[in-house]
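Chains as they are written, first to last, in this note's numbering: chain A, 1 to 335; chain B, 336 to 533.
The set of hints was computed from the structure by calculation and includes no laboratory data. Be aware that a few hints might be false.
[Stated by the list, open to error] Pulled from the structure, derived: some chain B residues nowhere near chain A, Cβ distances all over 12 Å:
#, residue
1, Arg338
2, Asp412
3, Pro433
[Unchecked claim] If we take Cβ atoms under 8 Å as the criterion, some of the chain A residues that face chain B in the derived model are:
#, residue
4, Leu51
5, Val54
6, Glu81
7, Phe164
8, Gly230
Just so you know, these numbers come straight off a predicted model, no measurement behind them. Ideal Cβ positions, reconstructed from N, Cα and C, are used throughout, including at glycine.
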Amino acid sequence: MTRLLARLGHILGAAVFLFTLVAVSPGWAQQPSKDNPNASAVQEQQLLRELNRVQGLVSIPDTKEGTLIQPQGREWRHFHEVTLRWIGAIALIGMVVLLAVFYLVRGSIKLASGRAGRTILRFDTLERTVHWMTAVSFIILGISGLNITFGKPLLLPLMDPQTFTNISEALKYAHNYLSFPFTIGILFMLVMWLKDNIPDSTDVEWLKEGGGIVGHAHPPARRFNAGQKGIFWIVVLGGAAMAITGYVLMFPFYAGLNIANMQAAQIVHGVVGVLFIAVILAHIYIGTLGMEGAFEAMGSGEVDLNWAKEHHSLWVKEEMGKTGSSAHTRMTPAE
Amino acid sequence: MARMKFLCDADRCIECNACVTACKNENEVPWGINRRRVVTINDGKPGERSVSMACMHCTDAPCQAVCPVNAFYTTADAVVLHSKDICIGCGYCFYACPFGAPQYPRVGNFGSRGKMDKCTYCAGGPETDNTAAEYAKYGANRLAQGKLPLCAEMCSTKSLLAGDGEIIAQIYKERVMKRGYGSGAWGWQTAYHETIKV
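If we strip away everything but chain B, and leave its shape as in the complex, we get (with noise of 0.2 Å):
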């Protein structure tokens, strides 16, 4: 089976927004809600670099270890997928996540927040394969119909990739052997326990 990862060459990163625009017109993500992100540090300074992020689908996921109703499971493709039936929104997997992944629509008053909401990889949740159903609450799930997620597939730079971590790592190396410079997989000590070595 494949272990699928994402990979944000900040190198080839043009700050564009296309892939969080693609995001949420795929999966119809609600108003508010931004299940990737992209950002810039050290904006408007020289070496100034942008990383496009959303779940990184983490090895020994920790938003999975601190639900405290077990609404998390992961696949055997390695993406971390929630079940928003058994979330409560209590909040706690936002605290523990390292990339700021979940995100909660604000129900009723104060802070009080609903049923999470994140980057499923384009895979859907817990419902039959491409429903309607698995739709309304998931969006899209490319993943089943052989597709990988829609920010990758449309990035215009190739900057964001996706798929087995193997295979993208393999890309990575090249290009940074090719150009002769990399700034690295950004995020994958913290998500992966490990890095890709040039």
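Bound-form chain A, shown alone (with noise of 0.2 Å):
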């Protein structure tokens, strides 16, 4: 009796939960439509307003493009076609003109006391040396870096596109290996020329009466005026910027770096690259045109003793007493 009532509770459970199944299941059948299965699922344009890209995972190596969109790319591209352009445009044409108004006004500056006709050592082999490495490499990198920025728009409109490539192409690896010359060459000037470029109370004094160029004094001034020193520390630096963030260009994607990091390189790159070269476009003109005698101090290395007396009186000073043989007597044949 007790198995046969146990057995009849035991249909009786089933059939209970058959119908509360059969009962529940066309609520179970209809709950997709009214839920939305989308209601917690990741929106694009939340994403993009949060973080302003969307990033996820990929299953392959590469795993910088677990980036699915950056709209930065439009921000950089809007640097690249036109900040950049007017940033070098304004400041090389700007120093161009600069220096041509400057040598019609002031023109050459001369040796106010003629030539002594002695010379005097100014940078030896090793000095002249690392300069030219460096100026030469700065050349080639600022000729194949303003064709990335300036040549579509100048150059290839007067060539054929497969030349303009060639070109192009072949300027690129310029660029890639001579960096490698550019950077010793700047850790070089760093070390031989640091302790001459300590900024001191004698630049003051030169930067008050205007140095050589603007004033028409001669302030003293040791080994390096302040002027010197100026274009010291802007080649260091300015150097060291273009190296770190040209090896980061250089070696995209490396240690971790994002599309982000990559895009401010490049901006840092462009901006410190065309102000650096219009910087350097002075140096030159110092260097050549601009001054009598001066250019003598990297080209032979020796320069005229009123010319080092005129621009660097307390050098001279030092150099004389240090040993008295610095300065040659270069023999004038006897009349």
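Need the complex rebuilt from these two chains, each delivered in its own frame; the hints are there to steer you.
Here's what the structure looks like:
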């Protein structure tokens, strides 16, 4: 009897279970159309608002491809196509115009006391080698860099596209490889000339009098005057900025760098680059056209004693005092 | 003329990566290069979605604008293509591209990049259509044969759609109406400056 009751109980239980199942299941079946499975899903516009890009995961080894959408590319495009060209054009054309006007007004700065005929060693062979290694690298780096920004509007219309590509590709390789002698040159300069480029009180006086280039007096200066110290620091710090951002661009996406870092590196490289070229144009001007007797310092390494006395009076005193043999007498033929 | 577009219905993508494989096989894409990839957002979390992404063939394409040697051109079907003869491998198109589409084979030292490779919408390159020279550089030219890109053609859930922008937008709209939800056309706002309103 109890067994029968128990059996009935089981049957009843099963029937109730089945009934509930039948009663409930139409509700389950209709559930998906009422519920929006998208309610909790990631939304593109929301992600773009929050992070300004859409980042996910990829199963391929190239992890940088995990960035699905980065609208910042548009801002970088505007920088490269518009902003950088304006900065570059203003800096470079501005500097050339400035130097031309300066040359017309001031002319070449002559030696006030004429030539002494005796020379003094200003830059030794190592210093000159380092200077010219860096200088030649810089000129080619500058031209190849400008080609990337200004080549398309200025050079491409003048030649057929394949020729322009061949030139640009060769310049790209030159740009990559010459970065090494340039960087090494900057490091050598830092080591060789740092001790002569620490700002001191003579620089204040020199700057007050406007140096020998703007002003007409020749304020005393040690081995390097305040203007030359300025060039030194621009070259060292600018060169460091160019080298660091340049190697970031040359080794793209290394060491966990992302697309935003790469864009930032290119922006710094571009802006510092065009300003650097503008400054070096002034440096080239003053070392050649702008001043009599200045080129010899990096040419033969020996400058005329009067030039040295006029421009670097304190340095000449120090050199003469040291050994007395630093000044060489260039024998003039007997008459 | 048609305005060719891609549309990935993220509510249908199951991250099977068949589009990636089909693309690599159809175009014999070089080792290490992926013209198309599937990105999973919020992987393993509720609301996870996967999107198959390649070159979107943008309106007013940023890559084309920043290229220093004008290697890019846009076809009458609004497909953005490039010439590997003109490309110098500078890498700028990757910085400008909102979708990470340009790919570069590694050649030589450091990170130096070879000629850029990207999705051609299965439309080859500047060479004569369906020649061996075109295939070697750019892969298949299915568009010239009257076919759509293989990635979309063989998508098992029909998540990835390719074709004229208006037609695929219409298909997507109908889907969203019928099922009652849709997370939108990923990337359309960025690529085409428009989105699909349902």
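Exercise for the section: Run the structure past the numbered hints and jot down the numbers of the failing ones, going up. Expected result: 3, 4, 8
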